[in-house]
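J.: Each chain, written out:
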Amino acid sequence: MVAPAIALAFIPLLLTVLIRCRFYFVLFYRAVLVRIWKDCATGLSREERAYQYVLTHATPGDPDSILDAFDVWCSKVEFISNIGPKKGKVLDRLVMELSPLTVLELGAHCGYSTVRIARSLPLGARIYSLEMDSRNAAIAEKIIRLAGFDDDTVELIINPSDEVIPRLRSDYGLERLDFVFMDHWKKCYLPDLQMLEGSGLLGKGSVIMADNVLFPGAPKFLRHVRKSGLYEWKVHRATLEYSKGIRDGMAELVYQGTK
Amino acid sequence: MPQDNLTTSENDIDIGLEFEGDEDEVSTFQEEHERERHRAKISDGDRERRKRGNGRRKRASRAEEWEGESQARPERRERGRRKRTRSDQEAKGSDRDEEVQPKTKSGKSAKTRKHIKNEKTRKMEEEEGEGEERHAKRKKKHGSAKKEEREEDGGKRTAKEKAQEVKRKKHKKVVETSSEPSEEDDNDEEDNEEREVRPESLSSEELEKLKEAVDERKKLIQTLRGKPWPMKKKCVTLRESQEFVEKYEGALGKGKGRKLYAYKVMMNKKWMKFQRDFENFKTACIPWEMKIKEIESHFGSSVASYFIFLRWMYGINMILFCLTFGLVMVPEALMGRPYGTIPRKTVPRPEATSAMDFAVLWDFGGYAQYSVLFYGYYNNQRAIGWLKFRMPLSYFLVGVGTVAYSYMVVIRTMARNANESGVGDDNSFNFNWKTFTSWDYLIGNPEMADNKFASITTSFKEAILEEQESRKDDNIHLTRFLRVLANFLVLCCLAGSGYLIYFVVRRSQKFALDGLDNHTWWERNEVNMVMSLLGMFCPMLFDVISALENYHPRVALQWQLGRIFALFLGNLYTFIIALMDEINLKREEEQIIKFNITMWEASLYNGTVSVNSTAPAITIQPADVPRGPCWETMVGQEFVRLIISDTMTTYITLLIGDFLRAVLVRFLNYCWCWDLEAGFPSYSEFDVSGNVLGLIFNQGMIWMGAFYAPCLPALNVLRLHVSMYLQCWAVMCCNVPQERVFKASGSNNFYMAMLLVILFLSTLPAIYTIVTIPPSFDCGPFSGKKRMFDVIQETLESDFPAWFGKVFSYASNPGLVLPFILLMVLAIYYLQSTSKSYKEANVELKKKLQTQNEENKKKKKLAALKAQMDLEEARKASSQTAKQQKNSNASQQDQESDEEEDHSSSQRLHHGKNGRHAPPPVREQEGQLPATRAPVPRSYQHEHHGAPGYLPGFPRQSEPRMHRVPSLQRH
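So the protein sequences, as listed, match chains F and L.
Take 102 as the starting number for the first sequence in the numbering used here and just add one per residue.
Take 32 as the starting number for the second sequence in the numbering used here and just add one per residue.
Hints may be right or wrong, so weigh each one.
[Said to hold, decoys possible] Here are some chain F residues pointing at chain L (derived, C-beta under 7 Å):
id	residue
1	L116
2	T117
3	A239
These aren't lab readings, by the way, just hints derived from the structure by calculation.
Yeah, the Cβ is synthetic: ideal placement off N, Cα and C, and Gly gets one too.
Work out the full structure, taking the sequences as your base and the hints as a guide.
T.: Right under this line is the structure:
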């Protein structure tokens, strides 16, 4: 039998852990528990609920209001790991500066980041958005159309990234990607990056942006980037979307070409 | 332009040369006044010509301005390209050329200090135009008498000059030989031959010169480290100078003298080498020096300071251990009565069966309790063995001596540290200090360097924010409230932990009364466990709470240290108070036992006497004799247990918290859903403050308990030894450098002060028990005495002559002691006031220096301003004349770019002179200047914009300038 006094001595530890990891507990609650509960209660998937909310609260044809509605839903109601408003600003600025003509987005999810990128693109630019899950893709499609972007601007491809990337050149007639945004499975960051390198679609000055490289984290990806010497890179440090205390980062890589 | 270069090149040496004393020296010894005068004449003529040019220039200025504007763009581009394509050296070389011009002009006044060689002047007369320009450059080189520059010169040669190559070659030879004493002024051919002249054939005069040159070189080698040159140049210069010295040093002196000289030189070298080896050997002898250095290079000086502190502690404990071991334990073990002869040296009968069990031994009961390790084992026999060793006296004096020694050492170290760190501790030049002193030069690991870099930048940001915040105070109420709340929470925490310990100790007393055997191991070790656990977890909680307060990290660290200190102290004192209770209990028990024993003895003797008076006295086994509880041994045991459990918790936390965590993070990272290394658990950092405090409190416990358990210093030595290796290993293997790196030098005395406080606080209860509580009647060296310190009186009475006792009694008379104490207090007061006045004087002096500096600065500023005006004029004139010449030569574009470079370089020069203040008049006059200058660093910076780990452009931005400054002295 452990004496109760000894157990009492562990209270400070417990408190410390609770306070230290409060953001993670909150995240766990919002992203997992609430989701399970709502799934059972409504019978709809999370993305569908989000879409319903956006449909009722946003102005059609206005990307800004759609993004705002998403942000409100994600921070107040439930949690979806979109890129979020803060990191989104970094993305916006980068897209504005580069004004890329061909953009590849890996992982459209609900179309939040697609809308975000598309609204700051120059005229005549085209964004190819990949989504693996067809249900999500359907919602993303609706969101994108709701925001007022047509097929010329956004092309949604419903396929896993590792199948699409090798065929980009042949099927879609792409010559060069100016900007790549990665926000799909963190495990796929590295293989997809290597595939992109191999495909020859990246030219000197192509920018690759990868979200969530610190919190869910893509250590192998970062290691590769560091070692390969093909990129000039930096990590924009920020916090996880819709959460204050969890540190996260976006990696910005500028392809330098083989030397 | 050529003329300008001509007139100014040698002045350039003068001016650039506040740094470069030695180049000057080399050239001065070849100075010739005649030639100089001649030279001055020429330059006068130049000046006149320039003046004329100036006037013309004014007239043409409008047109030129327009021209400059229109050409600004292509020039810029061209310049950028050139910079990129040119090799580093060459670029510097050209920069230098451009800078020469404005510089020299500003230094017109210094013209009299020209060092001209006759060959040069002659050549100058011969050559004209382009050639002259080149020549001037070469002359400069000649002045500096550096061989390596010859090579650069060769590299820069263009096809145009091929015709003059022969001449120049000769000239180079001159350059080389010029540093040698055998130089002849008259013709080049001779110079050529002189190079091969053997030292034997030299006249005494020449030898003198040679010696001088050798000395010069030696001096150069010595002062080389302080030169503001690029490393490459330093290396080349060093190598060449060494070769030179090597070659000619042995050649000095004649015949026998020469051999002797060579011998001397050789011995000198050997001696130096031996000294260096000896130094190395000495460092190798310092224990763990290499380990600590390695850690220092990886983790910075703050972590290393912990290990140095640990080593220092180890040394002190070694001495304490030697004292107790050599003067107490060994004599008793060797010369005292052996085990089993008297009751206090025997395990009592009821305990005898379990006395050798590991569980009992681990608790320091059984055989361990009845051994030299504890107070109770020692006999009160006055003198033991054939040496007549005064055991009780020695025991007492060693107890006092260890404490006295510790006080002495701690205070001495503190005083020394105060001397070292007392100088630079003022906040008046906060940013200056930060700029120039924040780098930790012991860092040898790139990751650590990155961290340090980041921490310096954040500290700058914080300092700037602080400056801003000191002016405005927003939401002070919220901050105050949060701070009060945090302190309240911490107090609650402290009170809770104190109460828990008190509760546990009380309970353990109850257990002790019931008999320990009825309880589990957990219950028996509750006190130690709870104390260790609280000591481990509460600091973490404090850390979390302190996030509320929003203090500056350094302040936060001090608060944190203070809180942990309070916690440890509270725990320790609760423990001691509980121990006091226990002592009182034991003493009551003792009274009863004492009474019982007299009864028992009486009955024993009565019984025997009544039965048979002649029978031999009954021999009673010492194990059967009833005995008192011996509270001293109990106290000693408690402390030993505490130390053991503390050590165990330290090691276990190390293994679990650091090692296991590192292993998990490292290997689970392959199959985890987020990045463990960069994200949440990460690797642990080395907690300097917690470790230092742990060490200090551990030492406090040693000081407290050492009197009752002589084995404590030995245990502590063992512990420190092990933890040295273990922690070194753990730090290198499973910790990451701290994100917030701070320097340790300032906090060193802080640790010492804490150690002193702890020393005082820990000796307090020890002295209290020694002075007030009478020793047990049947155990320990002082048994049978009323008080422990009676042993001194006893010794005085029986071992010293009577007069000594008398003197001592007089000396200890309050009538004598009180005045003495008074005198001491007065002396302390006097010393303190004098030191205060010295400090004030220091402050005054500092102020004076400051004001003087400011005045000087003002003067310099004025002078610089004036020089600038001059320079401005001269520049205009020069560009005017240059333009004319170039016009005649065609190639307008080149010239323009040159001129533009002139502008920027001249401005750079102002920067160099005036520090940060770029003079406004210059900016106004050179309207196009900022525009032309800006893109150059910008484009440079842009290339490195995305470099990892750096703030955008910050470290790189300064690079071009850093290159340029040394390049001033390049040629």
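J.: Which numbered hints turn out to be false for this structure?
T.: 3
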